[in-house]
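Protein chains: 2
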Amino acid sequence: MIINSLLDLDLYKLTMGYFVFKHYKDVPVAYALTDRKKMRLAEIIAVGELIEELNHVMTLRFTKKEIKYLRGTNEYKSGMFGEDFLEFLSKLQLPEYDLSISNGDFILIFQGKWSEAIYWETLAMSILDELYYKTLLRQMTPFEQRVEYSYATLRLAEKKRIIEQQPGLKVIEFGTRRRHSHDWQWQTIESFMGLSQFAGTSNVKAAMDMDLLPVGTFAHELDMGVSAIFRSRLNRARSQEVLLADEIESIHKAHQFVLDEWWELYGNSLSVALTDTYGSEFFYQNFSYEDALKWKGVRHDSADPFAFGERTIKFYEDLGIDPKSKLIVFSDGLDAKAITALYERFFGRIGTSFGWGTNWTNDFRFNTLSIVVKLISAAGWGTVKLSDSPGKEMGSIEDIRLFQRLSRR
Amino acid sequence: MIINSLLDLDLYKLTMGYFVFKHYKDVPVAYALTDRKKMRLAEIIAVGELIEELNHVMTLRFTKKEIKYLRGTNEYKSGMFGEDFLEFLSKLQLPEYDLSISNGDFILIFQGKWSEAIYWETLAMSILDELYYKTLLRQMTPFEQRVEYSYATLRLAEKKRIIEQQPGLKVIEFGTRRRHSHDWQWQTIESFMGLSQFAGTSNVKAAMDMDLLPVGTFAHELDMGVSAIFRSRLNRARSQEVLLADEIESIHKAHQFVLDEWWELYGNSLSVALTDTYGSEFFYQNFSYEDALKWKGVRHDSADPFAFGERTIKFYEDLGIDPKSKLIVFSDGLDAKAITALYERFFGRIGTSFGWGTNWTNDFRFNTLSIVVKLISAAGWGTVKLSDSPGKEMGSIEDIRLFQRLSRR
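Chains as they are written, first to last, in the working numbering: chain A, -17 to 391; chain B, -17 to 391.
Because the hints were derived from the structure by calculation, they are not lab data.
Careful, some of the hints might be misleading.
You can't tell identical chains apart in this list, so a pair holds if it fits in one copy or across any two.
Said to hold, decoys possible - Computed list of lysine to any residue pairs in SDA-like fashion (alpha-carbon distance at most 25 Å, straight line): (1) Lys276 x Leu309; (2) Lys116 x Trp166; (3) Lys116 x Ala139; (4) Lys142 x Gln127; (5) Lys7 x Asn37; (6) Lys152 x Pro124.
Note that the structure is a prediction, hence the values are computed from the model and not measured.
Can you build the whole structure from these sequences, using the hints too?
See the structure below:
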């Protein structure tokens, strides 16, 4: 089976999972699969295999060893996960999924309590990825398969060669969600072992297996879920008529709540803020001097990274904060050349590290899959995400318009 | 272990083995390892591992299934191997080896009855090859190893692409003696499966495992051994003083004996004569019209193959034999480009097929091994080989001079 451990997911699912467990344990949510490329996946991947893999995940539990590993993880903060949460995890069974097929696409929905459904995201993505590439490989002879792996291996060697040339670089493996396969991801990580530039992996199981630093903070879903919950409360409290000003205030409050409670939970150690959920202009207009001063830095996840870096430096400078004391984690569609170019551009001006995904763990000659599993509703309220890249927006048309008004451009 | 079947050798060991069994069963012979590149192999390969592998071969016996496979092999001639020979093989245990180390080199000698010692050659070579490359690989990380295999795989794919473009080509896998490893040889063969250009393999075990045509005729050692035996008899019969003319006559007789008795044993099916044991000029001066007419063709194994092809065509034309009815098997240091160039040069002029060795089964980035295991004496008499390439001669200085006088240039 593809997933053989509930730890075979991104650390941010657990760091966000603890946040959610603390604040919104029983809030009903829904996640949905989106195939950005509309590849008619249901005509490629055998539905029986998908069901088998998803069902298998539901039989998995965090093992004692895995819980001990989480309890013992102290690079960020000793006892970063409370005993109540570890106790909860040790009993966790992932909630049911809803799978149907429509017009060649899989409709895959995960509904349940936020504290339980949250773990499906990268597990489901890893399953769909691997089934997809397995299906393509099955159409080849064993030799043709080896040729594909050989191309991928030599591309990997070339990446390593490029990265090795920059002694100060820090790269983190972020490829779980877009990996070619579990085994290949492990091999790509293994290939970078011992490199001073290799700073860790987002995959907790890989970190445990290969004694690496597990890396992750939070994702769009935290802002998206919390703002949906805030709006839902506002609307429930005020019955029908809600003033636009109140609505906007509640979104601002939700955004600040995430920052404040995240700091409360993990302090400085995981204080890297994702900037583009409502567009980075919104973020910089609302990221206070106090927060900017104490938070380690920000994460870039859409639009031009060079422009973002310049904008971020200017943001800190305008506040009188030395950018050299701050960090940008780049994590959007990186390859080795982009990484070294960004590193060189910002060297000596602001700290950088690089969350390197698809291009590291899945640089094959295949037509790549581009799927996401996104939080679509929380507390019965539709979620909204803008991002800095056109076309990556999510939510109802009205909601997107509303959120676009948040940043006073 | 590297060798797990006595069939994991070249077919010519068995076709020559049957010849030897018929005529020279108990003649004492010796084979010796030569490292053409003088790489001080004993400082690279662990002697303990070599001993373990050689000892393991001595525990092997032809299995019932393997004997049945040989009995049932009928592509050349039904019942090509006599029951007496198969009975002999089924009881065969390979004779002892003598291994010592001198100045960084392995001195590896196989002595015994010709009918028994004959089987060591490619088995010992395959062992030394694989131990050598294994040792190099052990000095690498798993990823570095995968990079080497990836290069080799892509080179193999490129070979396949080139060969596929020539529909009429016939290539035969001849790489057992210089293979990277057993497993890699099997993979290289597997990669060509289904290609109309792929006509078989010299490795009998590979032919059995993958249901291919096993291919092979005879090698230098047959001429070398038989001429040594003829000269030994002449000298024993005449005590000390042997006339040069008699000596030369005995070599000619030995050469003709091999041709006649080979035809007697296998008829037309395996009638491809190796031409360069005493230089191809000697061969063409002594290959009679009757033999030239009935034998399928000749095998090229040293010096310029294009010149050899032209010389061969002229030879047949001079005799009034249509070269188009004849075959040249090229088998010396071929690569995909040389194969297609030779094929194109001789297409429509003379038949061609290509025994493709090292470059097919062992095209890695490593410094390659270049070893041979050659018959050095038979019936107490030193063997001689000239070949068409300077530096490939074997034998005592006097003997080489004597044999060089054989062809009236």
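Hint-by-hint comparison with the structure:
| no. | hint | in the structure |
| --- | --- | --- |
| 1 | Lys276 x Leu309 | within (12 Å within a copy, 83 Å between copies) |
| 2 | Lys116 x Trp166 | both (12 Å within a copy, 24 Å between copies) |
| 3 | Lys116 x Ala139 | both (23 Å within a copy, 21 Å between copies) |
| 4 | Lys142 x Gln127 | both (23 Å within a copy, 15 Å between copies) |
| 5 | Lys7 x Asn37 | within (23 Å within a copy, 67 Å between copies) |
| 6 | Lys152 x Pro124 | between (36 Å within a copy, 23 Å between copies) |
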